[in-house]
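**Q** My request is simple: use the sequences and hints to build the entire structure.
Below are the chains, spelled out letter by letter.
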Amino acid sequence: MDAWQLAGYAAWAISALLLGWMVLDAIRVNREYSEDLLLSSREGYDELLEHERTGDRR
Amino acid sequence: MTDHAIAAGQPQRINLLKVLGPAHVWALGVGIVLVGEFMGWNFSVGKGGALGSLIACWVIGLLYTCVAMIDSEVTSTVAAAGGQYAQAKHIIGPLMAFNVGLYLVMAYTMLEAADALVVGDLLAAVAGTETFNTQPWVVLTIAVLAFLNYRGVFMTLTVNFIITAAAFISLVVLFVGTQPWNPGAVLQHRELLTDLPYGWIGVIAAFHFGIWYYLGIEGTCQAAEEVRSPGRSLPLGTMSGMITLLIAASITWYAASGLLPWEYLGQAFTPMYDSAVVTGSDFLKVFLAIGTVLSAVASANGCINDAARAWFSMGRDRYVPLWFGAVHPRYRTPFRSILILIPIAISFAFTGLLDQVITFSILSGLLGYTFMPINMILFRRKWPLNSIRRGYVHPFHPIPALVLLALCIATYFAVFLGYGNQLLAMMAFYIGASLWFAFHRYKYVRRGDQFTMSWPKPQGY
Numbered sequence: 072m073d074a075w076q077l078a079g080y081a082a083w084a085i086s087a088l089l090l091g092w093m094v095l096d097a098i099r100v101n102r103e104y105s106e107d108l109l110l111s112s113r114e115g116y117d118e119l120l121e122h123e124r125t126g127d128r129r
Numbered sequence: 031m032t033d034h035a036i037a038a039g040q041p042q043r044i045n046l047l048k049v050l051g052p053a054h055v056w057a058l059g060v061g062i063v064l065v066g067e068f069m070g071w072n073f074s075v076g077k078g079g080a081l082g083s084l085i086a087c088w089v090i091g092l093l094y095t096c097v098a099m100i101d102s103e104v105t106s107t108v109a110a111a112g113g114q115y116a117q118a119k120h121i122i123g124p125l126m127a128f129n130v131g132l133y134l135v136m137a138y139t140m141l142e143a144a145d146a147l148v149v150g151d152l153l154a155a156v157a158g159t160e161t162f163n164t165q166p167w168v169v170l171t172i173a174v175l176a177f178l179n180y181r182g183v184f185m186t187l188t189v190n191f192i193i194t195a196a197a198f199i200s201l202v203v204l205f206v207g208t209q210p211w212n213p214g215a216v217l218q219h220r221e222l223l224t225d226l227p228y229g230w231i232g233v234i235a236a237f238h239f240g241i242w243y244y245l246g247i248e249g250t251c252q253a254a255e256e257v258r259s260p261g262r263s264l265p266l267g268t269m270s271g272m273i274t275l276l277i278a279a280s281i282t283w284y285a286a287s288g289l290l291p292w293e294y295l296g297q298a299f300t301p302m303y304d305s306a307v308v309t310g311s312d313f314l315k316v317f318l319a320i321g322t323v324l325s326a327v328a329s330a331n332g333c334i335n336d337a338a339r340a341w342f343s344m345g346r347d348r349y350v351p352l353w354f355g356a357v358h359p360r361y362r363t364p365f366r367s368i369l370i371l372i373p374i375a376i377s378f379a380f381t382g383l384l385d386q387v388i389t390f391s392i393l394s395g396l397l398g399y400t401f402m403p404i405n406m407i408l409f410r411r412k413w414p415l416n417s418i419r420r421g422y423v424h425p426f427h428p429i430p431a432l433v434l435l436a437l438c439i440a441t442y443f444a445v446f447l448g449y450g451n452q453l454l455a456m457m458a459f460y461i462g463a464s465l466w467f468a469f470h471r472y473k474y475v476r477r478g479d480q481f482t483m484s485w486p487k488p489q490g491y
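In order, the protein sequences belong to chains A and B.
Our numbering puts the first residue of the first sequence at 72, with every later residue one more than the last.
Our numbering puts the first residue of the second sequence at 31, with every later residue one more than the last.
Keep in mind the hints are simulated off the structure, nothing from the lab.
Beta carbons: idealized from backbone N, C-alpha and C, even for Gly.
Check each hint, because a few of them may be wrong.
Computed footprint of chain B on chain A; a stretch qualifies when at least three of its residues, placed anywhere within it, have a C-beta under 8 Å from a C-beta of chain B [claimed, not checked]:
no.: 1; stretch: 82–94
no.: 2; stretch: 106–114
Quick partial rundown of chain B residues pointing at chain A, CB under 8 Å, derived from the structure [as the list claims (entries may be wrong)]:
no.: 3; residue: ARG43
no.: 4; residue: ALA157
no.: 5; residue: TRP167
**A** Have a look at this one:
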């Protein structure tokens, strides 16, 4: 087994780790937050303008 | 904003984060495109010779300058994720919007797959062993970049800025290393440049691959909802990106055509790396090899960003299932859209058919460019200047729109010469998808909700 083969196995392992983390995180978010909140984004809604309107300039 | 803060503060709404500036917009547009300068553009040399490629570089450069001008005006006014999709929705109508959204998703996902394939192929070339398996590297490229995109747009495009700038610098260093001020010392244009080997029909055919010099600059529009100041950042980032690409395309052509004969250049896989090898400089060789890999990575990174935004926007409007319109409460990214496009990109990449994948990407892009002049003319007709606030107004309307339309028609002909079957297959796919949308999907769309701009009624309605 040469170094490139070993590196190839490492690449598979790292990929599985990253993809697995994203899937688990997505499942966790789906459980912890309501669907209404997750889908609440609106096109054209400007958060910065909203802060200015409400006087919140954080 | 942390999970805890969200739980305690109970926000009513979560949106994509507005954190990007003009440099990020530049990094997104140029990052997607620059890989075309390292490979792909040179196939235009195979079609039309070195001079034919230069003509294609400038003519297609004109096409993309028109694209950048039109996009800058419309996007600075319709500042929404989805870019051209959101434009089509507001200006033309739902069926056009569905098609444009699909063009965007297909063009960027296929380009992402092609970029990952290129990274795998480059590593195989470095390894030099016949048993080298590219698949883990293709998957790793997509996984790392998807992870970056999942975790936040600011870091994603900051990384893209750095690697895109490094790749661009490698082209400039190669150009300077060839001593352009001293013709004949390194560059051999006098010996290498020939007449047009296939005449003017070859030049027309070269338009197809001339697209590679600039394919993807229109992707800057996808950042519209995440830039702090769309009216300023989008035109600035897009136009400076286009200027960067015109410079990059010109120096790329000049260096490579002075170092390699057109017969070789027209079929080379890594023309810029090969050019560096011909100079005999080990430094340039290593720098260009790194630049080539970085450009492919930057392109895939930008493509994941853009494809996910387009899919997310379509989900938000129920053009595809609403489930995809979700925003991550912590990272503020369209996380479900990013996730769902990963296996699709990997599937395209695992076919290993680089030229086919890229051709379908180019065709989807070209269909998108054809929509733009129609969109622009209708935009100015329905909402004339001063009827709504525009972040940027492009000059000489309708000349850029008409030039763009004419160049698109010429490029369709060029593509038809080499890839007629793929062109017809792609058309059939989009017609089928349109029928599905019109007769099945559109009944789920909340028609009043999809128009979000507070504009007056269009003229004539």
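**Q** For the hint on B/ALA157, does the least C-beta distance to chain A fall short of 8 Å?
**A** Hint on B/ALA157: holds, closest Cβ of chain A at ~5 Å, below 8 Å.
**Q** Double-check B/TRP167 for me: the hint is only fine if its C-beta lies closer than 8 Å to a C-beta in chain A.
**A** 6 Å, holds
**Q** Quick check: the stretch 106–114 of chain A, covered by chain B? Criterion 3+ residues, Cβ under 8 Å.
**A** holds (count 8)
**Q** With a cut-off of 8 Å between beta carbons, are at least three residues of the stretch 82–94 of chain A near chain B?
**A** Since three or more residues must qualify, the claim that chain B covers the stretch 82–94 of chain A holds, with 9 doing so at under 8 Å.
**Q** Hint B/ARG43 vs chain A: min CB-CB distance below 8 Å?
**A** 4 Å, holds
The structure agrees with every numbered hint stated previously.
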